[in-house]
Amino acid sequence: MVTIFFFIFAVTALVSAVLMITYKNPVYSALFLILTFFSLAGMYFLLEAQFIAIVQIIVYAGAIMVLFLFVMMLLNLRQETRLPIGRPFQVALGSIFALILLIQLFFIVKVGLTVSKFGAFPPEKINKIGSVQVIGGELFTNYLFPFEAASILLLVGIIGAIILGRKKLPNEM
Amino acid sequence: MEQAGYAFVDILIVLAKVIVVIGINLLMVMILTLGERRIAGFIQDRYGPNRVGPQGMLQPVADGVKFFFKEEVIPSKAEKVIYVLAPALVLGPALLTFAVIPFGGPLSVVGKEIQLQIAELNVGILYIFALLSLSVYGLVLGGWASNSKYPLMGGLRSAAQMVSYEISMGLAVIGIIMITGSLRLSDVVMHQNELLFGFLPHWNIFLQPLGFIIFIVAAYAETNRVPFDLPEAEPELVGGYHTEYSSMKFASFMMGEYIALITSSALMTTLYFGGWDFPYVDESSLGIWGVLLSIIAFAVKTGFFLFLYLWVRWTLPRFRYDQLMGLGWKVMIPLALFNIIITGVVMSLL
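Chains as they are written, first to last, in the working numbering: chain A, 1 to 173; chain B, 1 to 350.
Do not take every clue at face value.
[Said to hold, decoys possible] These stretches of chain A come out as covered by chain B in the derived footprint (C-beta under 8 Å, 3 or more residues):
1. 56-62
2. 69-75
3. 127-137
[Claimed, not checked] When the alpha-carbon atoms are kept at most 30 Å apart in a straight line, the in silico DSS-like pairs for lysine-lysine are as follows:
4. B:Lys330 - A:Lys167
5. B:Lys330 - A:Lys24
6. A:Lys24 - B:Lys149
[To be verified] Partner residues are not named here, just some residues of chain A that face chain B (Cβ under 7 Å, in silico):
7. Gln50
8. Phe51
9. Val66
In case anyone wonders, no lab produced these hints; they're calculated from the structure.
C-beta: ideal position from N, C-alpha, C; glycine also.
Chain A on its own, in the form it takes in the complex (with noise of 0.2 Å):
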């Protein structure tokens, strides 16, 4: 049951990734990354971690993908205006980037393969405490500086569009 779903995610994550890379129309784009976001929610979902499948859909699916089709739709892009590919360049960069990547993602998987399937905390230990119980309290104990530094990055960043987008006062002009 539970591989039957894995493949219909990950099958459905895949293509729509792939047609969201493809597609002309920047709307269309956006709607098959929401797609992606919500197979891999589905698989967070077969793993037993549904704060992280939910956050995904809240957060990804439904606030920052709001965001981008808000702008799609500001500047109401119909059809993408595509430079040509072919600077050999930029080409060779990108081959390279992917094949780090592709390296990568190998040994993660071997490393997955070799040591035990769950870590500290296996599904049943998550569902007796409950995932948000878990994750906030690993959050505000033993992750704490990392959590507050991510804070404090998205505060930066907050600072940055208000700076960016206020109007200019008659003496900075």
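On the provided structure of chain A, position chain B as indicated by the hints.
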């Protein structure tokens, strides 16, 4: 998955709950379409539709038949696939949201305890917010795919408005999560079942009055109702995002909106007014009558909030767009943050 060993009876029970909930939702939509116009008539001192059937009771049926037989027009320059998809994207999330709301106390039949709730998720509140954040897609895409200026404006407005008010709504509910210590809606209801200081019902409205005000304002904005119905403001935008829709596609938009009204009323009941709790009565000691009482309590409370939606619509004027955004970002979000701080301080002192 843990539920792999589902018995046949369990599947039947879930199926029955799904059918009953969707059926009642659709029935309520019919009642609301009539109720809205009759109450408008009452408030504005005129009749409203009262010709079809006794007191106009069959008006929704007549409207439904009319929707089915209207010509379906797809604008020639519309993005056809998305244009057709958009009404479904409004209706789908709206129908799914009710799945986690408990609508009655636990019912025990021949030694089997049945929860009157379709799905018990341990991230129930987040599930609702996930669907809420998806409901904007139908409006935005419908507005864009029509390829026409008024729907596009309506779609853009709805995107900005719903993203803004989602934040204050989420922050308002954090107060409740802090008090309850759980994201399950059944826990939220059980937590409100006792008495506060021995005489008040232990409803969250008494513990989170500010949270409730923020929540109800945000809910009105999320459901695009007056005073925040800017995405479909008819004097400015003709009909907003659904201007170019006709026939059953238009009806799907309408149904999606009304179901969102029902769900958000049910949510206000569940989060702030004790859910199915009938105050001063211990439902579990009354057996089947207690269950019935709890369902009636839930229905009456939800009905009140539905009436409030209609009442407000014919009472308040519409906000201007900059006022709407100003209220959302400069008033509601700071207030919601303040509410979280107050809740935290009070909880740590007690």
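Do the hints match the structure? See the list:
1. Counting residues of the segment 56-62 of chain A whose CB lies closer than 8 Å to any CB of chain B gives 4, so the stated coverage by that chain holds, three being the minimum.
2. With 4 residues having a beta carbon nearer than 8 Å to a beta carbon of chain B, the segment 69-75 of chain A meets the requirement of three or more and the stated coverage holds.
3. Taking a C-beta to C-beta cut-off of 8 Å, the segment 127-137 of chain A contributes 4 residues in contact with chain B, enough for the three needed, and the coverage statement holds.
4. Among the hinted pairs, lysine 330 (chain B) with lysine 167 (chain A) is consistent with the structure: their alpha-carbon atoms are about 17 Å apart, no more than 30 Å.
5. Note on lysine 330 (chain B) and lysine 24 (chain A): the hinted pairing is violated, with a Cα-Cα distance of about 39 Å set against a maximum of 30 Å.
6. Proposed proximity of lysine 24 (chain A) and lysine 149 (chain B) is supported: the alpha carbons are some 23 Å apart, at most 30 Å.
7. Proximity of glutamine 50 (chain A) to chain B holds as hinted, the smallest CB-CB distance being about 5 Å (cut-off 7 Å).
8. At a threshold of 7 Å, the smallest CB-CB gap from phenylalanine 51 (chain A) to chain B is about 6 Å, leaving the interface hint in force.
9. Proximity of valine 66 (chain A) to chain B holds as hinted, the smallest CB-CB distance being about 6 Å (cut-off 7 Å).
In the structure shown, a violation is registered for the earlier hint numbered 5 alone.
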